[in-house]
Every structure is written in structure tokens, then in C-alpha cells.
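So the protein lines, in turn, are chains A and B. Counting from 160, one number per residue, gives the positions in the first sequence under the working numbering. Counting from 2, one number per residue, gives the positions in the second sequence under the working numbering.
Rather than coming from a laboratory, the hints here were simulated on the basis of the structure. Be aware that a few hints might be false.
What the hints assert, rightly or not - Cross-link-like lysine to any residue pairs, in silico, SDA-like; alpha carbons within 20 angstroms at most:
(1) A:K296 / B:Y224
(2) A:K296 / B:G269
(3) B:K65 / B:Y224
(4) A:K296 / B:P265
(5) A:K296 / B:R262
Stated by the list, open to error - Partial selection, computed: residues in chain B whose CB lies under 8 angstroms from chain A:
(6) I170
(7) G176
(8) T181
(9) T219
(10) D220
(11) R230
Backbone N, C-alpha and C define an ideal beta-carbon position, used for all residues, glycine too.
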Amino acid sequence: MSAFIEVKNVWQEYGDQVVLERLNLAIAEGEFCTLVGASGCGKSTFLRLLLGQERASRGAILLAGEPLAAEPDASRGVVFQRYSVFPHLSVLDNVALGLELPRAPLLGRLFGAAKREAREQAAQMLAKVGLGHALDKYPSALSGGMQQRLAIAQALIMRPRVLLLDEPFGALDPGIRKDMHALLLELWRETRLTVFMVTHDLSEGFSLGTRLLVFDKTRIDPHAPNVFGARITYDIPLNSDRRAARAAVQALPAHVTGTPQPAL
Amino acid sequence: MRLINRHPDRGGRLLLILLPFALLLFAYFIGSAQRLADNPNDKLLPSATQMVAAVDRLAFSEDKRSGKYLFWQDSASSLKRLGLGLGIAALAGLGLGIAAGSLPLLGAPLSPLLTVLSMVPPLAILPILFIVFGLGELAKVMLIVIGITPVLARDLEQRAREIPPELLIKAQTLGANTWTLILRVVLPHLLPRLLIALRLVLGSAWLFLIAAEAIASTDGLGYRIFLVRRYMAMDVILPYVAWITLLAWLMDLGLRQLAHRAFPWYEGAKA
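The following block holds chain B by itself, in its conformation from the complex (with noise of 0.2 angstroms):
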């Protein structure tokens, strides 16, 4: 039988999932025992008994000097700025989207606008963010949201684009106006599009959100991350990394289920 006509049954599926990731933490582990046998000192490649105490210590005792559970802290504080990101971005992504893909006389000065300010890197101007915005949360917020509206935008423009225009014209013959017609069929098409795209950018958000931390911040996933490299805290940043990744992929998981729940119609439209 040829390759490409070979399907894996569902055993097989799961063994073939799970097999990477095995195979990347057995590496790991190994060449962890490795070190640690020739020098018990060495900090590069910790093992797993080191890594589960240095998470006891930051997530389930406290802090000796705040009396807090930095862990736990440092989660909220980054889950906090990464959401408020993520919220406004979507909301002034669906707005310009949504105003420069279905407005002629608004797309016609936003388009170009976008797609200029798209190209400008965020992180070359998060200097200006601390200088504008100062050192507090809003700067941190504002990286992410710079960030990713200009790509939520285009994409949504675009989506907004792509709806037949016979629904459009349909629409009008039913009797809507242009404010309507947005509020009961641009809108409702876009929406799912907006959570598959805020997925994609996703990976986006948390860098500019690590970066951001990393240099101005007194708490958060980043800053603890930057904070115990000086001490070569591998048994920290592993964790931290993880369990960022770990976050990531559940935001992912709920974005989907939440597309696949709210706008049961779009899968089957697509067809």
C-alpha cells in the first residue's frame, strides 16, 4: 500500500501523538543524569526531583520577603496583561475590520494605514511605549495590543471582504440599513473568524507580553524568567516555560471550543 493511503487507527493515533513528546523528555532526562552524575553541581540540564522542588517553593510556600505565593502571582499578573491585551485588540480589531472591509469611503483611507502600521515592528518601539506610558501596566498592555490589532484588523478586513456580496444585497432588499445590516450579518460572519485569528496570534501575544515583562516589571512569568537567569536557575525556568506553554495550549483548546460551540453553523457553511 501506498504511503500517503496508510491512516493510523485510533490506538495507533494516540501512541504516534504521544511518541514526540516522549521521546523529547527520555532525551532530556537522560542527558540530565548524565550531567548530574559527572558534576552533582551543574545547573544546566536539572533533574526532575530539582525542577518539583524549586516549583514547591515558588508555587506552595511563601515568599519569605512578600509572604506570597510567587507562582501563583506571577501567573495572575501575566494572565491579567495578556488578557486585557487580548480583549482590546479584538474588540479595536473587530471595529477597524469590520469599518475598513465594509465601508468603502472608511477603507479606502484605513487600508493602506493598516497595512503601513502593520510592518512597524512592536518591540522596535516599546521604548516609547515606557517613555509615553511610563513603567506601569499600561505599557506592558499596550505592547500586546499594538502588537496584534494591525494583523486582527487586516484579517478581519479581509474576512469582511470575502462575504458574498449577494448576502450583502440580499440583506438591503430585507429592509436593512447600513448599521443593521453590519449588527446582523457582517458581525455574526466575523465573529468566528475573529476567535480562529485571535488563535493565530496567540504565540504573538505572549512574546510581546514575556518581552515586555523582561524589561520593565516586578512580576509576572517573564520577569521571573529573566530575574533567576542571572543565577542560571534552570530548575525555575523550565518549569516556567512549561507551564507557560501548558497556558498557551489551553487558551488555544477554549478558543476552539468556543468557536465550535457559539457559531455551530460555520463549520458546515464553509463547505
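Same shape as in the complex, but just chain A (with noise of 0.2 angstroms):
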């Protein structure tokens, strides 16, 4: 299979301060990268330059043959740590809020069937991750577990190739976690959708991720601590059953597996 997403030569710089030099990488579709490494060490500057939010200094990343649309879009869905949802709308318009902004470029918001029909479908994505009971409330009501499940629905609803996670469940608890996890590996099953998930916790990037990236620091100068950037120094394949299976599936003609986009 042909790398869906290539970094090719990335370096990242703020000032002369470097924060990432040299990465090459290619990421078949449907991986799950988990990103881990010391803070600092640019695993979120990574992150953001998947998102289109910056620009590498230099090398290129490509998406599908093509280079990475400079801001974010569609195409790329992101769970924060926090503020990933929006405090004035509705766990329902959370979700519908991605029907209706692509579909009404004027006025943003859809009127009458339309309307219906794309709640309707945030209704059946949310209850999908648990949420079906609380549709109606604002997200402030919500627990940190189903805010982040609000968050990881409003970004499914996108149906987005990539899902970048900016250490979605470092806030919460470690039962509320492990739901998490489950819900999440359960998404990605059923998707053909690619992830990277920037974590701390190395016990939750080795099991959930099918691809262990380590960022850290291969050389220092102690009299200039950013003159040399991190690097990826560990590329660790994981999990190779489900990688296996998922292989498998995405090996079988489009019209056995249903639908070729992610859908859920």
C-alpha cells in the first residue's frame, strides 16, 4: 500500500529555536499513531502542523499526493485536551453544527427539513458514543469524559480521513479513560479513518496505538539548548492483530466493505 500521509524533510523553527529537524515518516491509511515523548520535545507542534494551524519552516507533507492544505479544513478532525466544544450550543447543534456549516456557507445555519434531517443524524452519531441521553443539555453540564465524547462525535460527524487527538483524556480519570479507549478503538474499527493521538501516558500509547512514535532529542548542546531539534527515534509497530485485520478489510472491493469514506 502506498503511504497515504508522507512527511518528507520537516523542520520546524520558531526564531533559532528549533523544534523539530529531520522528520521523515510515512503513514499508511488507516493507522493509529499514538506520538509520545518528553513535554517539549514537539509532539504537539507535530500535531499542529498535520492540523494546518502552522507551516513547517521546511520539507513538505503530503496528503494523499498532494500537500497539506495550509489551514485547517474538513479533511483533518481534532479533539483537544480542552475547549473542544462549543459552550453555547447544545450537545445536539455541537454535532449538527458540522451538517449545517459546509451545506450553508451564508447564513451558517439550515432551516426546515434540512434542518431535521441533519439533526436527526447528530442524534444517531451521539448516541453512538453514549450521549443519546443528553442531547438537549449544555456541554458546561457535562462530565470531562462526556465532553470529550461530545468532542470525538462533533469530529466523527466531519467523517474526516484523519483524526488528530491532542491528549484527549489527559484531564480525566482512569475508569473514565478506559471507557474512552474502548469507544475510541470501537470507532476506529468500524472507520478506515487514520489517527494520531498525542499522549503522556506510555501505558495508553502502546495499547492503543498500531504505530508507536517516540519524539525526543538525539543530540544537545547544554551552552545552546535549542539549537538542535527533536527527532522521531523509536517507530514502533504495535498491536499487529488488529493492524492484520485491518489490512485484511481494506484488501476486500469497496463494494463488500460498504462504504469507502468513513461511516458510521
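Got two chains here, separate frames each, mind docking them using the hints?
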């Protein structure tokens, strides 16, 4: 399989501070990459590059052979640790928003039958992540775990090809974290989503991913700590059973597997 | 128990709220009674009966010259000017604040300009307004608009910048363009803040209104106060001041209730 995302000699520098240097990667579609490393080693920077929030100082990132759009768009979904959901919209509207915005470039909202359809679709997605009972609540009335469920539903309703997760479960209790892992893996299995997840929790990185990327600085000059950036020091394939299952599913012709796009 | 840990109960709280007002009124009427006892023609501290008579004359009997009820006519003119001024300023402040706070290309020229403009003392340019807009309604409304728009715009610009960047990125990944992002994310975030900012500038708005009416007007609450000042008619001035205070307080209360009803998410989201 040819690479879905190609990272070619990417450097990221802020002034004379080098954060990332000489990144080269090829990621197949449907991989679940977990990104780990010490604080400040550039894994979140790498995620921002993939998101289009920042542009690489050098090098190129290709998505399906095309250079990545330089600003965030609907092809890449994202879940942050905080501030991922809109506090002024109900749970249902938070998800329906993703269906309304692309179809209503003038008013940003749908009316009548189109609106009903969007809300119905959103309600189905919310039922899927276990929020079917809280459609009319505002996010501030939800617990941290439920807010992250909402953020995931909101990202997936767009059927993105890539899902970027920036320490999505960092603020959650261990028990809730486990539920979220199960939910995330289930959603990943059902779709052909390519996932990048930044995490501080090594065990989380090992148990969830099909590929673990470790960011670290290989060269350190104690007199000028900013001169050298981080690289990917380990690139470990994991959970080969899931990886094989996914590859087998993808080898099937599209009419057998159903919709080619991630659909829920 | 330490003082910082002692809280009034419900009845006690009500009593404590009313106490300073009662004390003020009490001190006033004691002083008034004393002065009137010394000199029944004293005008400085009129008694309650004198003020009631003045209100009755202005509010509940026709003016002999114009055939109108002056008190209500004054109130209507003043509230119309104030409402127009606040409404225009709110729209202008919202537009400028959103433009400067969420579009970097517009913020670069607008932000320093607004900062400088907000330093111009509005009352200092009142003569310019009278020269440019004449002595009619426009100049008075413009004084309120010019006086409070920069304050509103700067506050809303700041609030627009405080919207977490994560939310703006999220909206983009949900397919928003610049316009729909402003419409569905930035604007709803700023509307409750606009109501709060309006409450804070209500005092200035009244100040500019009364100043403009005092200088060039033929009716209005400020006009009446400055007109009867010539006769030292404290029996008119004091009820007018109380009425203005009541109106301002009611407007503040109304804005607060509106924010509470229209944006129930706002309180929860702050936590």
C-alpha cells in the first residue's frame, strides 16, 4: 500500500529555536499512530503541522499525494484536551453544526427539512458515543469524559480522513479513560480513519496504537539548548493483530466493505 | 467567629440592603425639616410635600403654555435619545470589536486607532458636534455614540481575542468559512459580553445625554434640571435626579435579566 501521509524532511523552527528536525515518515491509511515523548519535545507541534494550524519551516507534508492545506479544514478532525466543544450550543447543536456549516456558506445554519435531517443524523452519532440521553444539555452541564465523547462525535460527523487527538484523555479519571479507549478503538475499527494521538501516558500509547512514534532530541548542546530539535527516535509497530485485521479489510473490494469513507 | 466568616441571613441581608438608603433619607428629611422650621421659604432642602407638589405640577397637570405633561415629555425625549445612542453604539461597537478582534488584517489598523480615539474626551468635542450636526437631535445622539462606542469596541475586541483558539480551529475543521465562523461562533460568544459592557457604560451614556441636553435642547430630563436651576427649584431637581437614577437602575436590571434569559449557557461556561 502506498503511503497516505508522507512527511518529507520537515523542520519546524521558531526564530533560532529548532523544535523539530529532519522528520521523515510514511503513514499508511488507517494507521493508529500514538505520539509520545517528554514535554516540549515537539509532538504537539507535529500535530499542529498535520492540522494546518502551523506551516513547516522546511520540508513538505503530503496527504494522499497532495500538499497539505495550510489551514484547518474539514478533511482533518481534531479533539483537544480542553475547549473542544462550543459552550453556547447544546450537545445536539454542537454535532449538527458540522453538518450545517459546509452546506450553508451564507447563514451558517439550515432550516426546515434540511435542519431536521441534520439533527437526526447528529442524534444518531451522539447515541453511538453514549450521549443519546443528553441531547439538550449545554456542555457545561456534562462531565469531562462526556465532553470528550461529544468532541469525538463532533469530529467524526464530518467523516474526516484523519483524526488528530491532542492529549484528549489527559484530564480524565483512569476509569473513564478506559471507557474512552474502548469507544475510540470501536470507532476506529468501524471506519478507515487514520488517527494521530498525542499522549503523555506511555501505556495508553502502547495499548491503543498500531504504531508508536517516540519524539526525542538526539543531540543536545548544553550551552545552546535550542540549537537542535527533536526527531522521531523510535517507530514501533504495535498490536499486529489489529493492524492485520485492518489490512485484510482494506484489501477487500469497496462494494464488500460498504462505504469507502469512514461512515458510522 | 472571624468577621470574614460571618454572613447575613436572608432577613438580615434585606435589612442591611435597606439600611443605608433609609439612613440617607432620614438624614435628608431631618435637615430639611430643620431648615424649613428656621425659614419656611428655604429652597435648598425642600420637604416631601413640596416635592410631591412639584411632581404633581409637572407630571399630572398640563403645562399652561404647551398643553403637555412636561415630566413625561422630558422622559420620552431623553429615553429616545439614550436608546438611539445606545443602540447605534452597540451595533457599531459590536461590528468594530469583531472586526478588530477576530480578523488580524483589520485588527492591525483598527486596534491602535480605537485606542487613540477612546482617549478623546467626548465632552471636549461636543462643540464640534453642535457645529457639524446642528443643535438638533442628531448632535445629542452622536455625543452618546461617540462617547461609548470606542469603549464598547475595545472591550469586545478584547473578548473576541479571549475566545480559545481551539474553538476557532474546531469550527474550521467543521467546515466554517470566515463569515460563518463569525456568525456561529464569535458573535454568540460576544453577545452576552455586549450586554455586560452596555451595563457598564450606562452611566457614561446618561452623563453625555444630560450634558448635551443641558447645553442645547428644548426638552429632556437634563434640559429641565438645568432650566429650573435658575430658580433654585430643588423641589423639581431632586425628584428628576431620583427619576433618572431609577430609570438607569431599571435599564441595568433589564439588561441583566436579558443576559440571563437569552444566554443561559454563559454563566456555566465561565466556570
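These are the hints, each one checked on the structure:
no.: 1; hint: A:K296 / B:Y224; result: violated, 51 angstroms
no.: 2; hint: A:K296 / B:G269; result: holds, 11 angstroms
no.: 3; hint: B:K65 / B:Y224; result: holds, 18 angstroms
no.: 4; hint: A:K296 / B:P265; result: holds, 11 angstroms
no.: 5; hint: A:K296 / B:R262; result: holds, 16 angstroms
no.: 6; hint: I170; result: holds, 5 angstroms
no.: 7; hint: G176; result: holds, 3 angstroms
no.: 8; hint: T181; result: holds, 3 angstroms
no.: 9; hint: T219; result: violated, 45 angstroms
no.: 10; hint: D220; result: violated, 42 angstroms
no.: 11; hint: R230; result: violated, 49 angstroms
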